[in-house]
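Number of protein chains: 4
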Amino acid sequence: MIAARLHRYHEKLVVENIAEPKITGPWDVIVRLGGAGLCRTDLHVQEGQWAEKSQVALPYTPGHENAGWVHEIGSAVTNVAVGDTVIMHPIVTCGLCRACRAGDDVHCEESAFPGIDTDGGFAELLKTNARSVVKLQPSLHPKDIAALADAGLTAYHAVKKAISVLHPGTTAVVIGAGGLGHIGIQCLKAMTAAEIIVIDPNEKARALASEIGADHTVAADGRHVDTILEMTDGKGAEAVIDFVGESGVIPQGIAMLRNAGSYFVIGYGEDIVVPTIDVISREINFVGNLVGTYNDLDELMVLAAQDKVTLHTSTYPLDAVNDAMADLDQGRLQGRGILVAA
Amino acid sequence: MIAARLHRYHEKLVVENIAEPKITGPWDVIVRLGGAGLCRTDLHVQEGQWAEKSQVALPYTPGHENAGWVHEIGSAVTNVAVGDTVIMHPIVTCGLCRACRAGDDVHCEESAFPGIDTDGGFAELLKTNARSVVKLQPSLHPKDIAALADAGLTAYHAVKKAISVLHPGTTAVVIGAGGLGHIGIQCLKAMTAAEIIVIDPNEKARALASEIGADHTVAADGRHVDTILEMTDGKGAEAVIDFVGESGVIPQGIAMLRNAGSYFVIGYGEDIVVPTIDVISREINFVGNLVGTYNDLDELMVLAAQDKVTLHTSTYPLDAVNDAMADLDQGRLQGRGILVAA
Amino acid sequence: MIAARLHRYHEKLVVENIAEPKITGPWDVIVRLGGAGLCRTDLHVQEGQWAEKSQVALPYTPGHENAGWVHEIGSAVTNVAVGDTVIMHPIVTCGLCRACRAGDDVHCEESAFPGIDTDGGFAELLKTNARSVVKLQPSLHPKDIAALADAGLTAYHAVKKAISVLHPGTTAVVIGAGGLGHIGIQCLKAMTAAEIIVIDPNEKARALASEIGADHTVAADGRHVDTILEMTDGKGAEAVIDFVGESGVIPQGIAMLRNAGSYFVIGYGEDIVVPTIDVISREINFVGNLVGTYNDLDELMVLAAQDKVTLHTSTYPLDAVNDAMADLDQGRLQGRGILVAA
Amino acid sequence: MIAARLHRYHEKLVVENIAEPKITGPWDVIVRLGGAGLCRTDLHVQEGQWAEKSQVALPYTPGHENAGWVHEIGSAVTNVAVGDTVIMHPIVTCGLCRACRAGDDVHCEESAFPGIDTDGGFAELLKTNARSVVKLQPSLHPKDIAALADAGLTAYHAVKKAISVLHPGTTAVVIGAGGLGHIGIQCLKAMTAAEIIVIDPNEKARALASEIGADHTVAADGRHVDTILEMTDGKGAEAVIDFVGESGVIPQGIAMLRNAGSYFVIGYGEDIVVPTIDVISREINFVGNLVGTYNDLDELMVLAAQDKVTLHTSTYPLDAVNDAMADLDQGRLQGRGILVAA
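Note that the protein sequences, when read in sequence, are chains G, Z, X and H. Residue 50 is where the first sequence starts when you use the numbering used here, and the numbers rise one by one after that. Residue 50 is where the second sequence starts when you use the numbering used here, and the numbers rise one by one after that. Residue 50 is where the third sequence starts when you use the numbering used here, and the numbers rise one by one after that. Residue 50 is where the fourth sequence starts when you use the numbering used here, and the numbers rise one by one after that.
If we strip away everything but chain G, and leave its shape as in the complex, we get (with noise of 0.2 Å):
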């Protein structure tokens, strides 16, 4: 089959044809792939940055936002048939440990992440298993919805974590429209009465985040760390959801935390650096946030149902993977670039 490989770090991937993947395991799940989603990740783990965290060995196929319809199934495999429309979580979870059985399957202690540590969707076929397998609607195509399996269930299941502090009168500052951020608006929106803040230096991504739920947008020009704290009467916010991490947002972010407030951590690339007397003094709190759960993803997958959650996707060939990603780094891409095999 056809995939898309990384051989060396920092540099293009290699389009080429590799053996398909073979059921070993009463649990596996073969899915033959409908679209796959280009991640800013994906550039990361280009430059190596997850080199030494996911000790993956290379070459291997990238791609972790995967949907598609069944191919083949393992002889234990009771949820799904093969034909199914499927989106996959992202790790494929063991089902037997602590975490698993806690509703914390992303901290599974037996998992793989396909398209990070293992074989990921830039291909024809890829391996999972039954407990990663969301069934979908046959009416819904899996270049529709695939970028929801991580860029939009990382931004989800912050926006879960962040629902308990977001009553009716509080704010949620949004630090970034891209990708992840125009679905954590749109989460915002359908489960919260907030008033939600959009900060983004795009003009396009600002006008993309009103048309979606955004009650305000404010440009990133310098002095918006001081409009926001206008904005809430010298206060700041009761949660600050970054979707950048990287480019000097994190102390500007910090600075529009209210007392007692929370700091969702999404994106990422830069250090968090705060004295320990702010932390103190202000009693704010910083908030790590991986991927969802597949509760998440198949709660996630209800509201895209409802409408209430829509992607803004551009759809590319697999073989213009290499573009995809450049387009991606130099902000040619509006909304979330899509990778379809055939």
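Do not rely on the hints blindly, as some may be mistaken.
A pair holds if it fits inside one copy or across any two, identical chains being indistinguishable in the list.
List time: in silico DSS-like cross-link candidates among lysine-lysine, alpha-carbon distance up to 25 Å [stated by the list, open to error]:
| hint | residue 1 | residue 2 |
| --- | --- | --- |
| 1 | Lys253 | Lys210 |
| 2 | Lys238 | Lys209 |
| 3 | Lys284 | Lys102 |
| 4 | Lys284 | Lys184 |
| 5 | Lys284 | Lys238 |
| 6 | Lys357 | Lys61 |
| 7 | Lys184 | Lys357 |
| 8 | Lys61 | Lys184 |
| 9 | Lys253 | Lys357 |
| 10 | Lys102 | Lys357 |
| 11 | Lys357 | Lys209 |
| 12 | Lys284 | Lys61 |
Honestly, the hints are just simulated from the structure, not real lab data. None of the values given here were measured: they were computed from a predicted structure.
Given chain G, work out where chains Z, X and H should sit, using these hints.
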């Protein structure tokens, strides 16, 4: 009356005669001090670390851990009478703002913090209000429990936040078994079945920790991060409760944290510096802790009455305040220093 | 001043001239009423259902949903000034007891409940205190929002409790789309993405429910339990929110509940009768709801200001109070009845 | 193999020879029983109380509190090996449904409940699956902890739910210090600082309760409701944890409940009958409890390993099962009865 006042940052306190406080509002309460706890924050105050945050005008009287007997009350005070033994919640709150009404009185919008931004308890009399006095059994002596008013309360508050992640089978690492830490250990013991591991460089502090509830103690010997990881199957602790926040402990504490774990910040002095990629890939959290609420203090007094929390104190006369501060600064003070006015 | 007073249980109210209330304490506030909501509880009061619980001495003035303008204030009141537009939290609370301090002011240990156990708002003036007045935009007219003070607040409070079980993909069944129910529906819509199914025997009420946010409405036609089960794949709803509590709806509501689901009790009149074997084998919960807190009322006023909650009201002059009560009793009153004094 | 089987409701069990269970799926696990706890539910089963709910076909083997050693495993089982000492979570779950994934495996949509709806542990061998076996230290003997598998687990689960309302200064009333109650008391002691008051008519049970952690015991002497109210300043308890659910205790328990308190239903037999006006005016809750999750069982085994929970048991050979059931029924069995097959 006699009071110990700070006239200039970086200088010793001056013990001098000043005017007594007066009742001016219907909710005012004036307390004759029976004991005032000495806290590392008093050193930080003297060093000017709080100058910008508190905006206090010098000279003023430090001392924010106070207990005594009611001396005079305003016309509308109904919850205490002259002569009652009381411990004072450190913050004088309004009872009308959203935070006060939400059970989060620490973030009161119209508060005063005697000893930090107004005159405190290194004196014979202190002015507070009806919302800040917790009535005690007359059998209790103020000097025996005064330090629970802030040090104890802060430790209790942090432990109470940590409880929700500390089910049986989990590990809580306590960094620092000094004034706050040794109360935190007792609170953990009283309210959880978690395994408690205490790290301290001081052998006496570790011995005390073992006596009052630590399941294990670890010397801060340079390889203690590895020791903690070995004790937790290489996974780290669900909660790291840091009562130090300086001397380089923060990166160590982060390294001891389990994936999805939470770092409770109580001690302060240095910066948290952490790459966002670690925050998101490990999905870890940082939780700020200021001081507990009035109800927290009331609950802590229950633990004290049940003998589940006992204070180890050293008493000094008020006019020896500078000796006490030097002892604290130079690590000669075990347990908590208490100043007694008369 | 003019007031409508209950002299004997089971008799009509008497509209008569009585003495005006006086300021007696530093936190007292006297409000000139702009609107007083009429509630099914007023009928229950008249029938004597509350006599034993409230221990109120007759004659007295009912009316517990009040809004107006500040008329006079006590010496220590700082949060409102004469002339301010205010809505009154129904309970006059102390601000000193544990419940008040815990954000649970409804269970204040030293409270009064004007209209239930002391004189209420079916009058020209009402005495309350500084802790019970929520300041509003001057543009709002008291009669338009008065009924949010108790009916709305109770509905909001119950919905807020239900939110934690109402993630996307869940179902909330609302029993009764009358005065409280139609506010509850709007609160659910504003704060959750759950599917909202509303049951009511009245066609007009169902039509209104659909307009304001119900995803489905079901006639109470005798087979509605089966209908709900069919709509939920035979499993029932995660939350049943019962605004009726009489006319035989309780066993129906229990039958509609999913395993591990929660039954929110708001309406009252009949008994809950349920075998403990059902409670444990289905692991279901029953959650009592009185009225919301001051902060809940503040949050509800935000939803009102955002036009996410709008009240459907019918206005009556105060001296037509008995007509209004008859209309309510006989089901002729859609939305909420509001009494206006002048 | 030998098994004790129920052939007809209301009749004694028949000890007889039946075929051994066989591995048929990749996740199956067969366990050689070392101990099977006897529970009041087994009496209810025999009386036919569960017939309609369980739909079990007679004859079948009761016994739902099981521990032993792994005898045989399916092809995909990786978490236990033949010979391992294990305790069995009572429910055999799928690991694929939303409930399993949410950490609520008790409500698994494809579950079996050996001993209730399929063959249980009153036998030499029991068939379960990989998701239901908790691996233990080999030093533990199954007969010493078997009863923790359901009775203990249920008590633990209920106490864990109650913890959030049981801060220091609160009161937990435990009704019934029998098989479940005496575990519940130990769990409360291990995980809260609440005051624990235990009510039981039996003097020996009260003496045991005092030994294992009750702060006070009260005889069920007809005026015990008043006694509890006196012990709680007339206010009642924040939590009533009812391990009886019959013999008229329910209205007593409700009367002991503080406003805003919660009634935890564990024991069963009679109905809850409560006027909705009481539920709303006192804002009380009723919380159903079935059995704990797999993770709850794992946590309880930690408490057992820490000697914080110890079981008081009486052992019977499997063929004396009917004697054991008679002893339980007639109140001659203190602590928990354990059947041992060989």
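Hints and how they fare:
In this assembly of identical chains, the alpha carbons of lysine 253 and lysine 210 never lie at most 25 Å apart, being 28 Å within a copy and 39 Å across copies at closest. Both within a single protomer and between protomers do lysine 238 and lysine 209 lie at most 25 Å apart by alpha-carbon distance, with minima of 12 Å and 17 Å respectively. With identical chains, the CA atoms of lysine 284 and lysine 102 are at most 25 Å apart between copies only, with a shortest distance of 15 Å across copies and 38 Å within one. In this assembly of identical chains, the alpha carbons of lysine 284 and lysine 184 lie at most 25 Å apart only when taken from different copies (19 Å versus 45 Å within one copy).
Taking the shortest Cα distances, lysine 284 and lysine 238 sit within 25 Å of each other inside one copy (22 Å), while across copies they are farther apart (28 Å). Taking the shortest Cα distances, lysine 357 and lysine 61 never come within 25 Å of each other, neither inside one copy (36 Å) nor across copies (50 Å). With identical chains, the CA atoms of lysine 184 and lysine 357 are at most 25 Å apart within one copy only, with a shortest distance of 19 Å there and 34 Å across copies. Proximity of lysine 61 to lysine 184 under the C-alpha cut-off of 25 Å is found in neither arrangement, the shortest distances being 33 Å within a copy and 48 Å between copies.
In this assembly of identical chains, the alpha carbons of lysine 253 and lysine 357 lie at most 25 Å apart only when taken from the same copy (21 Å versus 28 Å across copies). With identical chains, the CA atoms of lysine 102 and lysine 357 are never at most 25 Å apart, being 35 Å at best within one copy and 39 Å at best between copies. In this assembly of identical chains, the alpha carbons of lysine 357 and lysine 209 lie at most 25 Å apart whether taken from the same copy (15 Å) or from different copies (21 Å). Taking identical chains as interchangeable, the C-alpha atoms of lysine 284 and lysine 61 are never at most 25 Å apart, the minima being 46 Å within one chain and 35 Å between chains.
The earlier numbered hints that this structure contradicts are 1, 6, 8, 10, 12.
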